[in-house]
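A.B. asks: Chain by chain, the residues run as shown.
2 protein chains.
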Amino acid sequence: MSKTPYQDLEDRFRRMDAVSGALSMLHWDMSAMMPPGGVDSRTEQLAVLQTLHHAMLTDPAVPDLLDGAQADVHLDIWQQANVQGMRRTWVHAAAIDADLVEATSRACAKCETVWRDARKNSDFKTILPHLEEVLNLTRQQAEAKADKLGVSPYDALLDQYEPQGRAAEIDVVFADLKGFLPDFLDDVLSRQASGPALLPLQGPFPAAQQKALGKTFMTALGFDFNHGRLDESHHPFCGGTYDDVRLTTRYDEADFISALMGVLHETGHALYDQGLPKQWRGQPVGADRGMSIHESQSLLMEMQACRSPEFLHYAAPLLRETFNGSGEAWSEDNLTRLYTKVEKGFIRVDADEVTYPAHVILRFNLERAAIQGDLQMADLPGAWNDGLKAILGITPPSDREGCLQDIHWFDGAWGYFPTYTLGAMTAAQFFAKAKADQPEILPSIAKGDFAPLLGWLRDHVHAKGCLLSTSDLIQDATGEPLNAAHFKAHLKARYLGS
Amino acid sequence: MSKTPYQDLEDRFRRMDAVSGALSMLHWDMSAMMPPGGVDSRTEQLAVLQTLHHAMLTDPAVPDLLDGAQADVHLDIWQQANVQGMRRTWVHAAAIDADLVEATSRACAKCETVWRDARKNSDFKTILPHLEEVLNLTRQQAEAKADKLGVSPYDALLDQYEPQGRAAEIDVVFADLKGFLPDFLDDVLSRQASGPALLPLQGPFPAAQQKALGKTFMTALGFDFNHGRLDESHHPFCGGTYDDVRLTTRYDEADFISALMGVLHETGHALYDQGLPKQWRGQPVGADRGMSIHESQSLLMEMQACRSPEFLHYAAPLLRETFNGSGEAWSEDNLTRLYTKVEKGFIRVDADEVTYPAHVILRFNLERAAIQGDLQMADLPGAWNDGLKAILGITPPSDREGCLQDIHWFDGAWGYFPTYTLGAMTAAQFFAKAKADQPEILPSIAKGDFAPLLGWLRDHVHAKGCLLSTSDLIQDATGEPLNAAHFKAHLKARYLGS
Numbered sequence: 001m002s003k004t005p006y007q008d009l010e011d012r013f014r015r016m017d018a019v020s021g022a023l024s025m026l027h028w029d030m031s032a033m034m035p036p037g038g039v040d041s042r043t044e045q046l047a048v049l050q051t052l053h054h055a056m057l058t059d060p061a062v063p064d065l066l067d068g069a070q071a072d073v074h075l076d077i078w079q080q081a082n083v084q085g086m087r088r089t090w091v092h093a094a095a096i097d098a099d100l101v102e103a104t105s106r107a108c109a110k111c112e113t114v115w116r117d118a119r120k121n122s123d124f125k126t127i128l129p130h131l132e133e134v135l136n137l138t139r140q141q142a143e144a145k146a147d148k149l150g151v152s153p154y155d156a157l158l159d160q161y162e163p164q165g166r167a168a169e170i171d172v173v174f175a176d177l178k179g180f181l182p183d184f185l186d187d188v189l190s191r192q193a194s195g196p197a198l199l200p201l202q203g204p205f206p207a208a209q210q211k212a213l214g215k216t217f218m219t220a221l222g223f224d225f226n227h228g229r230l231d232e233s234h235h236p237f238c239g240g241t242y243d244d245v246r247l248t249t250r251y252d253e254a255d256f257i258s259a260l261m262g263v264l265h266e267t268g269h270a271l272y273d274q275g276l277p278k279q280w281r282g283q284p285v286g287a288d289r290g291m292s293i294h295e296s297q298s299l300l301m302e303m304q305a306c307r308s309p310e311f312l313h314y315a316a317p318l319l320r321e322t323f324n325g326s327g328e329a330w331s332e333d334n335l336t337r338l339y340t341k342v343e344k345g346f347i348r349v350d351a352d353e354v355t356y357p358a359h360v361i362l363r364f365n366l367e368r369a370a371i372q373g374d375l376q377m378a379d380l381p382g383a384w385n386d387g388l389k390a391i392l393g394i395t396p397p398s399d400r401e402g403c404l405q406d407i408h409w410f411d412g413a414w415g416y417f418p419t420y421t422l423g424a425m426t427a428a429q430f431f432a433k434a435k436a437d438q439p440e441i442l443p444s445i446a447k448g449d450f451a452p453l454l455g456w457l458r459d460h461v462h463a464k465g466c467l468l469s470t471s472d473l474i475q476d477a478t479g480e481p482l483n484a485a486h487f488k489a490h491l492k493a494r495y496l497g498s
Numbered sequence: 001m002s003k004t005p006y007q008d009l010e011d012r013f014r015r016m017d018a019v020s021g022a023l024s025m026l027h028w029d030m031s032a033m034m035p036p037g038g039v040d041s042r043t044e045q046l047a048v049l050q051t052l053h054h055a056m057l058t059d060p061a062v063p064d065l066l067d068g069a070q071a072d073v074h075l076d077i078w079q080q081a082n083v084q085g086m087r088r089t090w091v092h093a094a095a096i097d098a099d100l101v102e103a104t105s106r107a108c109a110k111c112e113t114v115w116r117d118a119r120k121n122s123d124f125k126t127i128l129p130h131l132e133e134v135l136n137l138t139r140q141q142a143e144a145k146a147d148k149l150g151v152s153p154y155d156a157l158l159d160q161y162e163p164q165g166r167a168a169e170i171d172v173v174f175a176d177l178k179g180f181l182p183d184f185l186d187d188v189l190s191r192q193a194s195g196p197a198l199l200p201l202q203g204p205f206p207a208a209q210q211k212a213l214g215k216t217f218m219t220a221l222g223f224d225f226n227h228g229r230l231d232e233s234h235h236p237f238c239g240g241t242y243d244d245v246r247l248t249t250r251y252d253e254a255d256f257i258s259a260l261m262g263v264l265h266e267t268g269h270a271l272y273d274q275g276l277p278k279q280w281r282g283q284p285v286g287a288d289r290g291m292s293i294h295e296s297q298s299l300l301m302e303m304q305a306c307r308s309p310e311f312l313h314y315a316a317p318l319l320r321e322t323f324n325g326s327g328e329a330w331s332e333d334n335l336t337r338l339y340t341k342v343e344k345g346f347i348r349v350d351a352d353e354v355t356y357p358a359h360v361i362l363r364f365n366l367e368r369a370a371i372q373g374d375l376q377m378a379d380l381p382g383a384w385n386d387g388l389k390a391i392l393g394i395t396p397p398s399d400r401e402g403c404l405q406d407i408h409w410f411d412g413a414w415g416y417f418p419t420y421t422l423g424a425m426t427a428a429q430f431f432a433k434a435k436a437d438q439p440e441i442l443p444s445i446a447k448g449d450f451a452p453l454l455g456w457l458r459d460h461v462h463a464k465g466c467l468l469s470t471s472d473l474i475q476d477a478t479g480e481p482l483n484a485a486h487f488k489a490h491l492k493a494r495y496l497g498s
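Protein sequences appear in the order of chains A and B. For the first sequence, position 407 (counting from the first letter as 1) is numbered 407 according to UniProt numbering, and the numbering increases by one without interruption. For the second sequence, position 461 (counting from the first letter as 1) is numbered 461 according to UniProt numbering, and the numbering increases by one without interruption.
The following block holds chain A by itself, in its conformation from the complex (with noise of 0.2 Å):
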């Protein structure tokens, strides 16, 4: 008996997937493994790859196989969301053609590349004509996918990480906080001003310890390391696939905190990744929900549960021991407010969960400028210490600490920033829910126990994969629309104790 459209999609699929898996893995060894030299041929891959993979996705044969798919009125709910994933997939790939693909993924290459020297010199004239011709390319995706899917050209950006996401309705949600932040960040400046000193922790913290505790941390919250490992990058992410999962970090042996937080923040990314429904592996229904569902575990995992006193509780007898720590700057309470002090920086990866709006805001800004063309590239550097200015009152000291700091524009990701503030509004959302539902959370965690935290998370949201939209999913999870609420509710609880 010959396949349903349904059956031959899911086989494509499957095979595309096998594909995404196979760049997923190049990419990561491009980051943690591969020596300078290998860039070239690297990139050849990287770029032959993306052409198969699109045209696996832009056979000839598929829109029909979609519209069969769509009308087949056997399939299950979760059949459904699948053909809808495969046809939302299908209509960005569709929507550009195979060089423009290759054109982009050769040039992005090639300016992370680059990148990573200019960064550490703080060069962004060498960057610029490289940057330049990524915005290029962008810019020409961004326009043939706003047409095929009818919204603005920024909006198709966001669409490819943030389904169904409108740059107008995070306007909405991103001024609510903007009207808060300020003088909230102010009070929260001046309570910790008036506080108790902090007491700094003396390293160095010899990088293979760092690594050894946070393994042990990982583990705790449910890492399983049959799938999964744990490298060094010039820039922490989370990749891999689904069943095997690569999380980075960079140690600084001057202070373990900052390394530590970003094991505990990809670790969350790590658990969504491997809690997603088994059975619909390499399917677009088996998939994460999209960045901002992504970002929320990460974050959910970071700053709801990684910085609360429970955490610390449990936490800081093995800090001492890894570390050597004693005396009162190892003490539960001091080692929280290091935690939790919050601060203005430039850098938006080392910025607390107060400022880090901030620099999404700046970001997201800038970024739909560019995309509109409102922002020149070399424009940029100035254009990013204004807007750093605007809203935060400070300016970088050099482009390393302004605009050169973040891989993203860099490797041709535009749209993708505000994804990180929806996830911590969606986070402290789904923390909020959980600690609600199952009130053994939080005692459980000071014990070093992630169980029923994990247990929750499985069932509300990892288990879901892409079965609803996002907003549905948050809706079920927690019984009401995203918001900001408990995301402006948690700060003032942890930050003013109100």
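Possibly wrong hints are sitting among the right ones.
The list treats identical chains as interchangeable, and a pair is accepted whether it falls inside one copy or across any two copies.
[Said to hold, decoys possible] In silico SDA-like pairs for lysine to any residue, Cα to Cα no more than 25 Å straight-line:
1. LYS3 to LYS278
2. LYS215 to HIS234
3. LYS178 to PRO60
4. LYS278 to HIS27
5. LYS278 to THR113
6. LYS3 to ASP97
7. LYS433 to LEU177
8. LYS389 to LEU189
9. LYS148 to LYS344
10. LYS3 to ASP40
11. LYS211 to GLU232
12. LYS3 to HIS54
Calculated directly from the structure, the hints in this document are not laboratory data.
Here the structure of chain A is known, so what remains is to put chain B in place on it, guided by the hints.
C.D. replies: Then chain B, alone, in the frame of chain A:
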């Protein structure tokens, strides 16, 4: 202007090479990095990429393009050789249909899995039906390819690894060796028995120090770490791509010599890869010439250069310093004797260069008989034991030390074994000519300077890629056809001092 057939083929082969490179990296990762739980998704990735590669190679347009390119009178000699390489690659792929490829792939994967336990338990009976199935499918492939290539089925398999290699020619040189070895081996063993007793080296030898020393030697030999890495895997190999060579080894803390010589062996492979003509990257003519030349490069480094007294003169102080060695056991003299100890043993991969050819000749005879239908797999253990008795005078205590020891046949690699000994003879012939051309080669090695040797290899072997056939390459480089004389002379000089 549209592309010529030749240009079209170059584009296609460049893209296929990128897929092969991706496959090679994923294989390396599977051996050196992947957590166990990643095996299912990795298997899927490899299978899909292999299918895509096969589809690209057997695209219906390829035969006409090959004819067109072959008729193109404007091609230079590199381009002509490139077209020959393309046709050879295509003939091997097009000779067998996709069903047979898939059936063989499945049978080999299954057989290899069963073999791991069968070897452990010395259980030939369990593996027998799987091995029979692999042989059955391999013979079908051999016959299909023999038909297209106009050679015998065994030669068709050999041709996959050693282009234009023919068993009848191998018979001649192997007969020469077979006549020489038994008496020679007796002489060497008596001479060693009557010499000074070998003084053992006392461990443990920490893996981290072995690795650091291995990297020191790799750098001395000329390995470019900008285009490669050294890692660990269960079965050491040289993988990756020509621009990003991934070496692996494994460390035994009781014996550093084995891992160190393994690293030097794989470095010989790597130097060849790194030295192939860069302007022909991704094209058949820019690839390595085949397995016997590849093995000649590893054996030239491991056996010819790095067991010489000159190498030990350079290496001994480094060895003593690394492992805190002192006394007579760590003298150049004792180290040289340890590095050149000869012994009759059951295991090929542990064999010295004197007894190694005996292991290969045994396997060559058996696999040829099997492919010709003259040896049934049920009779393999007896045939193996009789053969080893006849050639080395010893009988393995069990099949684990006998016909179950090597992965090759169980994994479908029939026709591969003779290239090891062809490589050993080629290495001796290259090294003799190199030393004659450049008398400073050995004195330089004594100072840790491999540049004169590497320069000769770059000029006469590496830079040629696949411009010449194997026999023309050897003739051009050494002024004579491949023969056993230099190998025999080398053995006599090293082991009998004559």
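A.B. asks: Hint by hint, note whether the structure agrees.
C.D. replies: Structure-based check of all given hints:
no.: 1; hint: LYS3 to LYS278; in the structure: within (23 Å within a copy, 46 Å between copies)
no.: 2; hint: LYS215 to HIS234; in the structure: both (19 Å within a copy, 23 Å between copies)
no.: 3; hint: LYS178 to PRO60; in the structure: neither (47 Å within a copy, 61 Å between copies)
no.: 4; hint: LYS278 to HIS27; in the structure: both (23 Å within a copy, 24 Å between copies)
no.: 5; hint: LYS278 to THR113; in the structure: between (35 Å within a copy, 21 Å between copies)
no.: 6; hint: LYS3 to ASP97; in the structure: between (28 Å within a copy, 20 Å between copies)
no.: 7; hint: LYS433 to LEU177; in the structure: within (20 Å within a copy, 77 Å between copies)
no.: 8; hint: LYS389 to LEU189; in the structure: within (17 Å within a copy, 82 Å between copies)
no.: 9; hint: LYS148 to LYS344; in the structure: neither (41 Å within a copy, 73 Å between copies)
no.: 10; hint: LYS3 to ASP40; in the structure: between (41 Å within a copy, 24 Å between copies)
no.: 11; hint: LYS211 to GLU232; in the structure: both (10 Å within a copy, 19 Å between copies)
no.: 12; hint: LYS3 to HIS54; in the structure: both (23 Å within a copy, 23 Å between copies)
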